[in-house]
Every structure is written in structure tokens, then in C-alpha cells.
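Given the coordinates of chain X, assemble chains Z and Y onto it according to the supplied hints.
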Amino acid sequence: MEKKNLSQKLKEGKFVITSEIGPPKGTNIEPHLKEAEHIKDEVDAFNVTDLQSSVMRLGSLATCRLLVERELEPVFQITCRDRNRLALQSDLLSAYVLGVKNVLCLTGDHTTLGDHPDAKPVFDLDSVSLLKVATELMNGKDMKGNELDGKPEFFLGAVVSPGYEPLELQIIKMEKKIEAGARFFQTQAVYDLLSFEKFMKAVEKYNVPILGGIVLLKSAGMAKYMNEKVAGVTVPEKYIKMMAAAKKEERAKVSVQIAAELIKGMKGLCQGIHIMPLGWEKYVPDVLEASRI
Amino acid sequence: MIDYTKYQIKAEEELRQLLDSVSDILVLWCKKCYKTFEKEEESECEKILKILDVSDKLKGCEAIDFLCNRYLTEKKISSLFGSGYGIGVISCGLGIQTVSKIAESKGVKVFALADTKPQSGNATSIRGYHGITLGTEKCAGCGQCYLGITGGFCPVVDCAKSLINGPCGGAKDGKCEVNSEKACVWVEIFKRMQKQERNLDVISQIRDNNVFTFEENRKISTFSLSRRTENFYGGLHPYENKHITENLAIEKFPASKYLYIFLLQHTGSPASLCVKEGEIVKLGQKIGESSGLISIPVHSPVSGKVVTIEEKFHPALLINCPAVVIQNDFQEEKDSSIKGYPEWELMQSDDLTEIIREKGIAGLGGAMFPTHVKLRKPKNPVDTLIINGCECEPYLNADNRLMIERAEQIFEGIKIARKILSVDNVIIGIEDNKSQAIEQMKKLTERESWIELKELKTKYPQGAEKMLIKTTTGRQVPEGGLPLDVGVVVLNVGTVFAIYQAIVNGMPLIKRVITISGLFEKPGNFEISIGTPLKDILDYCGGGKINDKESYCLRMGGPMMGIIQTEFDTAVIKGTTGYTLININPIDVSEENICIKCGRCVDVCPMELYPLYYAYYGKNQLWDKCAEYKVKNCIECGCCEYVCSSKISIVSLIKKAKKNAYNKT
Amino acid sequence: MLITKLKSSNELDEFFSKKLFVFKCFGCSEVYFPEEEINNFASGKQEKISGIAQIDYLCNEDFAKRYIEKNVDRIHNCEGIIVFSCGVGVQVVARLLENKAVYPGCNTFYLNGFQGLTVLECDCGQCGQCYLNHTGGICPITSCAKGLLNGPCGGAKNKKCEVHPEVDCGWISIYERLKKINEGSTLKKKGVLIRNFEKIIKGI
Numbered sequence: 001m002e003k004k005n006l007s008q009k010l011k012e013g014k015f016v017i018t019s020e021i022g023p024p025k026g027t028n029i030e031p032h033l034k035e036a037e038h039i040k041d042e043v044d045a046f047n048v049t050d051l052q053s054s055v056m057r058l059g060s061l062a063t064c065r066l067l068v069e070r071e072l073e074p075v076f077q078i079t080c081r082d083r084n085r086l087a088l089q090s091d092l093l094s095a096y097v098l099g100v101k102n103v104l105c106l107t108g109d110h111t112t113l114g115d116h117p118d119a120k121p122v123f124d125l126d127s128v129s130l131l132k133v134a135t136e137l138m139n140g141k142d143m144k145g146n147e148l149d150g151k152p153e154f155f156l157g158a159v160v161s162p163g164y165e166p167l168e169l170q171i172i173k174m175e176k177k178i179e180a181g182a183r184f185f186q187t188q189a190v191y192d193l194l195s196f197e198k199f200m201k202a203v204e205k206y207n208v209p210i211l212g213g214i215v216l217l218k219s220a221g222m223a224k225y226m227n228e229k230v231a232g233v234t235v236p237e238k239y240i241k242m243m244a245a246a247k248k249e250e251r252a253k254v255s256v257q258i259a260a261e262l263i264k265g266m267k268g269l270c271q272g273i274h275i276m277p278l279g280w281e282k283y284v285p286d287v288l289e290a291s292r293i
Numbered sequence: 001m002i003d004y005t006k007y008q009i010k011a012e013e014e015l016r017q018l019l020d021s022v023s024d025i026l027v028l029w030c031k032k033c034y035k036t037f038e039k040e041e042e043s044e045c046e047k048i049l050k051i052l053d054v055s056d057k058l059k060g061c062e063a064i065d066f067l068c069n070r071y072l073t074e075k076k077i078s079s080l081f082g083s084g085y086g087i088g089v090i091s092c093g094l095g096i097q098t099v100s101k102i103a104e105s106k107g108v109k110v111f112a113l114a115d116t117k118p119q120s121g122n123a124t125s126i127r128g129y130h131g132i133t134l135g136t137e138k139c140a141g142c143g144q145c146y147l148g149i150t151g152g153f154c155p156v157v158d159c160a161k162s163l164i165n166g167p168c169g170g171a172k173d174g175k176c177e178v179n180s181e182k183a184c185v186w187v188e189i190f191k192r193m194q195k196q197e198r199n200l201d202v203i204s205q206i207r208d209n210n211v212f213t214f215e216e217n218r219k220i221s222t223f224s225l226s227r228r229t230e231n232f233y234g235g236l237h238p239y240e241n242k243h244i245t246e247n248l249a250i251e252k253f254p255a256s257k258y259l260y261i262f263l264l265q266h267t268g269s270p271a272s273l274c275v276k277e278g279e280i281v282k283l284g285q286k287i288g289e290s291s292g293l294i295s296i297p298v299h300s301p302v303s304g305k306v307v308t309i310e311e312k313f314h315p316a317l318l319i320n321c322p323a324v325v326i327q328n329d330f331q332e333e334k335d336s337s338i339k340g341y342p343e344w345e346l347m348q349s350d351d352l353t354e355i356i357r358e359k360g361i362a363g364l365g366g367a368m369f370p371t372h373v374k375l376r377k378p379k380n381p382v383d384t385l386i387i388n389g390c391e392c393e394p395y396l397n398a399d400n401r402l403m404i405e406r407a408e409q410i411f412e413g414i415k416i417a418r419k420i421l422s423v424d425n426v427i428i429g430i431e432d433n434k435s436q437a438i439e440q441m442k443k444l445t446e447r448e449s450w451i452e453l454k455e456l457k458t459k460y461p462q463g464a465e466k467m468l469i470k471t472t473t474g475r476q477v478p479e480g481g482l483p484l485d486v487g488v489v490v491l492n493v494g495t496v497f498a499i500y501q502a503i504v505n506g507m508p509l510i511k512r513v514i515t516i517s518g519l520f521e522k523p524g525n526f527e528i529s530i531g532t533p534l535k536d537i538l539d540y541c542g543g544g545k546i547n548d549k550e551s552y553c554l555r556m557g558g559p560m561m562g563i564i565q566t567e568f569d570t571a572v573i574k575g576t577t578g579y580t581l582i583n584i585n586p587i588d589v590s591e592e593n594i595c596i597k598c599g600r601c602v603d604v605c606p607m608e609l610y611p612l613y614y615a616y617y618g619k620n621q622l623w624d625k626c627a628e629y630k631v632k633n634c635i636e637c638g639c640c641e642y643v644c645s646s647k648i649s650i651v652s653l654i655k656k657a658k659k660n661a662y663n664k665t
Numbered sequence: 001m002l003i004t005k006l007k008s009s010n011e012l013d014e015f016f017s018k019k020l021f022v023f024k025c026f027g028c029s030e031v032y033f034p035e036e037e038i039n040n041f042a043s044g045k046q047e048k049i050s051g052i053a054q055i056d057y058l059c060n061e062d063f064a065k066r067y068i069e070k071n072v073d074r075i076h077n078c079e080g081i082i083v084f085s086c087g088v089g090v091q092v093v094a095r096l097l098e099n100k101a102v103y104p105g106c107n108t109f110y111l112n113g114f115q116g117l118t119v120l121e122c123d124c125g126q127c128g129q130c131y132l133n134h135t136g137g138i139c140p141i142t143s144c145a146k147g148l149l150n151g152p153c154g155g156a157k158n159k160k161c162e163v164h165p166e167v168d169c170g171w172i173s174i175y176e177r178l179k180k181i182n183e184g185s186t187l188k189k190k191g192v193l194i195r196n197f198e199k200i201i202k203g204i
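Quick mapping for you: the protein sequence lines, in order, are chains X, Z and Y. Note that the first sequence covers residues 1 to 293 in the numbering used here. Note that the second sequence covers residues 1 to 665 in the numbering used here. Note that the third sequence covers residues 1 to 204 in the numbering used here.
Source of the hints: derived by calculation from the structure; they are not laboratory data. Just so it is clear, CB atoms sit at the ideal spot from N, CA and C, and this is done for glycine as well. This list has only true hints and no planted wrong ones.
Subject to a maximum C-alpha distance of 16 Å in a straight line, what follows is the list of computed EDC-like cross-link-like pairs (lysine to aspartate or glutamate): (1) Lys189(Y) <-> Glu168(X); (2) Lys179(Y) <-> Glu168(X); (3) Lys159(Y) <-> Glu168(X); (4) Lys106(Z) <-> Glu176(Y); (5) Lys267(X) <-> Glu197(X); (6) Lys190(Y) <-> Glu175(X); (7) Lys65(Y) <-> Asp588(Z); (8) Lys144(X) <-> Glu198(Y); (9) Lys101(Z) <-> Glu176(Y); (10) Lys282(X) <-> Glu37(X).
Computed Cβ-Cβ distance ranges for the label pairs, DEER-style: (11) Lys179(Y) <-> Leu194(X): 22 to 28 Å; (12) Val97(X) <-> Ser55(Z): 56 to 62 Å; (13) Leu113(X) <-> Arg16(Z): 39 to 45 Å; (14) Asp173(Z) <-> Asn158(Y): 53 to 59 Å; (15) Ser105(Z) <-> Glu153(X): 47 to 53 Å; (16) Lys267(X) <-> Gly84(Z): 52 to 58 Å; (17) Leu52(Z) <-> Asn158(Y): 40 to 46 Å; (18) Arg16(Z) <-> Glu153(X): 37 to 43 Å.
Excised from the complex, chain X in its bound form:
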């Protein structure tokens, strides 16, 4: 029996679990692939970030292909920061021929936030228009209406930030993304199940699968930093206290415990989770183990 892919699993209503690989700054990709292989039985697909935080790294598409070769299912993250509309369309076609079908369309962080702040930001398209263009490619046409010789098929995803203020604006854009072709969503990190539930109620009508975002807390400092600086993220005081109270060697354990609690809470609310380990890939199995009901 052929293995089911992310799209099929979501369609069948399986609670899916995705994780993330951040390609290295350099060529040393092997350890990252090993990490992924290590948890492949628990994880349905792996996002590969596209120059995450505008830091120059190994490419997302190449890493996706390496995952395909190891029979792991990638989600190709593609941002509008570094490519104009020609490159974006071309890379989408490339992804398809390399066996990469899940594409997560993002606008991308601004260049000035990364390690090359002097770069020219492109932003020729944005996440919405990129989704639309990808949909058009699937229909056999490029964005100018030219016929394609062979058309790709994608399972298009996008992101949404449930903690965004004002939320309505975020939902309007989410609707636009759906119209433009988004078939699943991943969310920004969720720490507050109550407000996440409210968000899920508000977007229920769209009937698209949503994967709740999980970011492992590494310390109380990180939580405070995110509260202060990271858009759409609010870590409740109780988790900050838990992290602060934990001894250094126990922090990972506490963090895993918090993540597991959140995942358990999400199981009834959304269609899956997306774990962003941010370097703590090795704890993903623990999280999954701890969150099993």
C-alpha cells in the first residue's frame, strides 16, 4: 500500500504532525537529515524554512529534495523576499519536478532583520499573490496567461497568526489566501488555548485544515523576549513561571511538558500541529511521546 501524503491525511481527518528543518549556514546538512529520519515515524511532514529570519543559509528547495530522496515528506517554504515573480514561478516549477508538492507560501521577513541588512528587498509579489500565481501554474498557465508545457500539482499552504491584533485583519487576509488557493494553514506559536479556541471558531466556516503552531520554550527569558518582540505571540505568565522555576538541566523537561499540554489541548480544536523546535529537534520525540493521549 502506498504511503499517504499530507494532503490525503488531512482530507481523511488524521490529526497530523509536522516539524521543521532549518537548513544550516553552510553545507553540513547531514545532521539535520538524520534528526528528521530519527522521528520520521511520528511526523507526517517536514517544513524546510527559506532563509529563516532573513539569514543567508543553504536553500530550502535543495533540502526538500534531499528529504524526498530519503522518503520523507517535505513542505517547501517559499518567501517573496528574495525572488521576483519570474524566480518564484520558476522555483515552483522546479519544486514540482523535484517531487516537492507541499508548498507553504510566505511573504518573508524583511531583509533588514537578518544578517545581510544591506540587501535589496524584493517583495515583487506577496504571500497572497504568490498563492494565486501557484494556483494558476496548477491550471497550466503562468501569471501572464501563457500556456505551460506540462503543469505542476501542489498542495498549497499558508500561515496565519491567531494572536495577531487586530485579529479581524488577519482573518481577512486568511480569507484572501484561501481564495488565492491556500488549502492548509500553519499558525504562529500558540500558548493560550482559550484564545486559540476562539480563533478556531472564527475560522471554522472556511473549512480548511489548520495546524496549530508549537514552539518549544527554552527559558523564561526566551518567553519574555517573544512577548516583547515577536508578533502575535503571548506566552502566559504561568508558563514563564514554570520555566523560571526549573533548574537549568530540567528546563527541557518542563518545556516538553508545556508543549505536550498545549498539543493535548489542541487535539480537539484543530486538524494538526506544526512543531517549530528552533534547534531543539532532539526533544521532538519526547514532546510527541508526552502528548500521546
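Below, chains Z and Y without anything else, positioned relative to chain X:
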């Protein structure tokens, strides 16, 4: 010259879609900027009606100049929002955003009916700016000028790919691959460098797109924005050049052998002569009597003999006017009328005012309005007396030195004026570039509760009455009105000093302090007799340069409002604040130059007028039109002419317009 | 609109390896001009300067030309020319004196608004396809750090932009403006906006 109008009405289809969704609409259109002002603009509304028949929806049409000037636009359009109609805007994105911002609080929707014309013609470097001119060159403001290595051609704007390390391979016959009409700029660069026998040593350059940080941009913007509306709208910060004379103590100017006393030294009717040729006069003796309600006497500044009464060139009116020529006997024999009233506090206001009239006191700030008229029981109640110590005119320090050296006398003069007006509040306004004067005056004012010293941010023309009132009291003198209309009387520090002299020492206005500055060999601040011939000043202070009329220019007063002197057989009058000798600008100022509607004059006019129309209508001698644009409100401060990017002599056109528009027979 | 800042002294020293004639512009000094820095720099380079001209609005070809005609000798004897003005002024002088090496003494930047005296609070991206009808009259190109047309990115925190945390997110401002003028539904309109950069080349 290129027409750089910034907008173009949207295409028919988009316009139709937009207007289909609207029921009633008022249209504002911007009267355009950056194009030669050769004729009046055609209505853009009419153009819309030609494209689409929406005459039933169009409820009105309003043309506004420089719609992006939020301060002025808001004043003009806020009354339009009551109708409940939608507002359509035909302008560039700046005008539309400005109107939208104003409309926001009224809950009114604004429709953009035009698109901004792209300026750079380059999709890689979208931004492009022409200069304050209608020439061909443009700058992208990339923040890392490469013109030094590219022979003065800009590869950022003019190369379609903004390549900075040499051409791409696409040029065919020296033409750009994007536009075959356009020369490949890299080919041009190469040719020019060859001509200059320079190597095109293209080092590899990498653009830094983040070179001008947002914080820095914001700092400069905030600085510039705040200066524009600081204290009052508009105004300028010209070179002050106060340093030339600010530390030179007031010096007594040597007495002249002959003095020319003009009978008209004030606003109003001239004094009538009351001495005869050959008559012996004493210092302070009246030689001309006031001839009406708005008129004051003139006095002899020296003892000596009336040699003759003859026409001399008047330094302010610039025509020949009768003047009494007195030969100084150097005896300084005082007239018997000189009698002070140190016990003035016991006197009646009316009596004090009468002394001030009798002693010939006029406003010494330059306007020369008879002071007693200001002090006489006014119709409107006065609650505030403002003492003008701004001296915002560059170069001049006469008032400044007077405050530094004679603060106590000024202070007593203020008390006298306060008693006459019986006001409770006195404000003395001094610009913050005069720290010594502020220190001196503060010593006297800080003990008193009825007087407040306000340090004002230096900005020209802060010393103009209306600006000073606005800054110190927040009151706005109505259009065409006087300070009295808002309960204020303004007196210059020099005038208050003259009041002190007249009341306490019984001395008529026969001397004043003036600043001689600029390119004089011996600049300074002088206490000088009214009537001192200009030639004596030129001799004493080394003003020989004025004979080179090609290169130098002499102004009575400062460089901004000072009156250009072309005849030198003239003399100091009561309104002479000083003489400034400056270089003539290398570019000629002319009434004939063409306005390019850059809008800078509108940005700086402190009276919130539209000086470009005085340039346009004045040139075409349409004086009634100048009156429509309220030319009479102009205070002739010269800000518009100072910033004029076409070097139009706007002030002289304004003077003509005032004369021709209102003095019709 | 354009403003300038003095180039680094390293760069300027390189230009001054020969004797130069100096052109200084005075036109936009009311907005911002590094007048003092230029004067300080020039006073330290006196032996390398063959003459100085200060002209209002050097970008105006007519003014620059008239000055050059009047001062032919002074200028033609110099080894090169340095211009302290925006890039437009430098290009004009370089064109008028195309046999001379002309160097820019300043780097040029832009502030909000077109050329004028007043810096504005809003800016125009010169895109040639005004989007203000979709956005309540707030330009998404200039008020959003990424110039997004179809709604905000997810980066705003406390309504502030992720790139410039002290600045309001342009898209949240748009959203709030539209609510104020009862046009909240505008954002929900169907259709995806995509910029047409060809308009910039073709001039609409």
C-alpha cells in the same frame, strides 16, 4: 522645459468602475506643480466629464493649489465635508493621502481619481526625483553617489537594471535593450570618460540598500517638519551673520557737518516745515510740525544753521522728497523745550501720549508708524502689551545691543507704555539667538509678575507683528486686521527706549542705534543722529565697495526686508535700522523669469498666501487678480523671493500689485 | 524629496588628490543641507581648492550655465570639479562641463514627498497605479515596509511594524481608517492586487 505634473487621470475603465459605486461626489483637483506657469490650469473636472458623463453625480468642483500642503489644504476644505458627498481627488498620491487624512475624522470616503506618474522610468530603481527645476537629470537618492566614477551620468536611474559595475550585454547600437530610443547610459559613461582621458576603472561596487537608516531619515524629517510650523506657519532660517557685529558695543557716530532731515520720516502725512532758510536752530528744536492726525514733528539733531530746504533722495520711498539741510556748529546747544519728567508716574496717560507725539516718536523697527496713535485710547480694549525684541532680520544687532547695554532704560520705557495703555500683562519676546540680551532683560523682568520674557525659537520673520502675536499669545490677528483687534499693542525695543528718552529726559527722537554690517571694512553698532548723510557712513565705515555695482549691493536695513539703495545722496531716517553691504547674487533676479510652480513660496509665506500668483499675474499686469489672491495681506517679508527657484523678484511685483490694485482713481 | 549628506572623508580625500574647483548649492538648505560640515571640510582643504562658487538651485541648468559663462577662466584652469549638492546638481554641472572630471561631494537620500520645501508625513511610491481607493487613502507601498498590497504580513507587534518598531503598521492603519469611514468591507473585496512595474518604464 519638461512638464513634471505629478498625476494623470485614471483610465476610463477604472474611472467608470469607481464612479459607478458613488451617488454624489465633490471633486477636488490639484492645480499642479512643476510645470511652467504660462497659463491658468484647465479644469481637470472638465476632463473627467469629457471621459465619462457623470454630470448628474458631480455636485461640485474645487481647484486647490498644492493639495499636499496639509496645513493650508485643511483650512480650505474642511467646510466641504458637511454635505455628506463623497470626495473625489485628482492629484498625485500625496494630495490624495492628505485629503484622506483630513476626511478621516469626518468619516468621509475619498476616491482617488488619478494615478501618480512614475518619475524614474526605471523599474529597478523606482524612485526618481528631478531637481527644483524642469531639467532632464534625475536622482534616485540611492545614498551612495557613484557620479564621481561614472563621468557624472547616473547609472542607478539611467541604467534600466541600475547596474553599477559596467554595462550588461544587451545594448544594441548604443541603445538600451529595454528602450531602443534611449541611449545605454554605460555607453554614454564610457564616451565621456574617454573625452576626459580618464579610465573607466570600474571597481566592483555593491549597493548597500540600507545605507540611510530609517531612524536617520525620521530624525531629519521631524527636524524639518517641526521647523516649518514652529511658532507660526512658514518662514525661513536664512544665514544670520549676527556674529559680525553682535559683540561690538554701541559707539557714538562722529557728528556730521551737514545733516539732511526729511520732513516725511513716518507713515502718514509729512511734517510741515516750521523753520526758514538761514534760521539758527538748536539741538532738539522742532523744525517740522505734525500736519494731521497721523503725523509727527521732526526735530533738529544738532545746533547750527538751516542752510537750505531741498529735495533729497528718500531712502525708503526712493523718490526725491523735501529735506531740511542743517549745517552743524558742533556746539550741541540744547533747545529749551528739552525738559524731562522723571516723575512721570504721577502724570495722566493722555499727557504722556501727547509728549510722545510732540517728541516725534515713530516705530523704530522700520515701519515708522507714529507711536502716539498706537497708544491713544483705543476703541478695542487692550489687555496685552508686547515688546518686540526679536530682531529677526539677519545681520542687524541694533536692538540686540540696545537690550544688552540699556536694559534699564528700556525697562522704564516699558513701564511708561504700560501705564499709558493701563494693561496688566506685558510680554517681551526675544529670539533665542540673543543670549546676552535675554540675560540682561531677565535680570529686570524676573522680579516682576506683570512682565514675562519669552525666549522664541529663531525663525524669520518672527519679528513681524502678526507672527510675534501668534507665537507669544496664540492669538491670530484677523485677515486685514490690526493687533488691536485681538487686544494687543506691539512696540519695538528701540521705540520703548525712545519713549524713555522723550519722557524721562525730554529728548525728541533725533538719534537712534543702527547696525552697519556685511562687507563694510569697519562694521559696528552706532548711535547716530537722524539726518546723518549716508556718504559719511560709507566714509567712516569703509563702504567703498558699493562703487562696484556689479558685485555689491547696499540695503538700508537687513538683507531680507532692507531697501536696496542705488542713490547715495541720502541720509539716516527714523526708520533706518542699519545698512548692510552684501555680494550680489551670482544669478540675476528678475520680474521676467518664468515660475515653475515649485511651490516653495507657498511653503514659506508666513501670511499663508500664494505668492506664485503675484509672480504670474504681476508679470501679466492682471492687478485685480492679485487682489483676489489677497496681495494686500502681504507683509513684504521677502521669504518668497528668498526661496524662489526661478529667481523672480516677487516683492517688487507685489509692491506694484498693491499700488495698482487698490490705488485706482 | 532629495536631501544630502557629506561623503566620508576618505572618499573626499581621494577626490582632492588634485586641485578642485568647488560648487556649492544653496537651494534646499531650508529643508536640510550639511552646510556646516561642508564649510568645515573646505576650510581644511584650502590649498587644494582653486575657487568656490555658491549657487542657489545648482540643479537649474540656466543658473549653473550663467555662472560658468561669467567665470570661464576661474573654472577652466582647475584640474577637476567637486559639487556639493544632490545628484541632480552634480549631473547638471557634469553635463555643462563635460571635459572636466566632476566629483560628487555628497551622497543623496530621499525623504517623504516630492521635491519641495516641506517634508510630508505621507509619501508616494511613484508606482503609477494608485492603490489608495483600496486602502482608505493610506499608501500601502510607502506605509508598509514591504510594500504589501493584499493585507499585512504577520509581523506587526502591538500594531507596530516589525522592521521599524516605533512606526505604526501601515496595514493596521489602513484597517482602522477604513473602519472610521465605514468602508471596512473594502478589505474583504475579492481579487488579488499585483503591481505592474512596466507602468514605471512606460509612464502609466
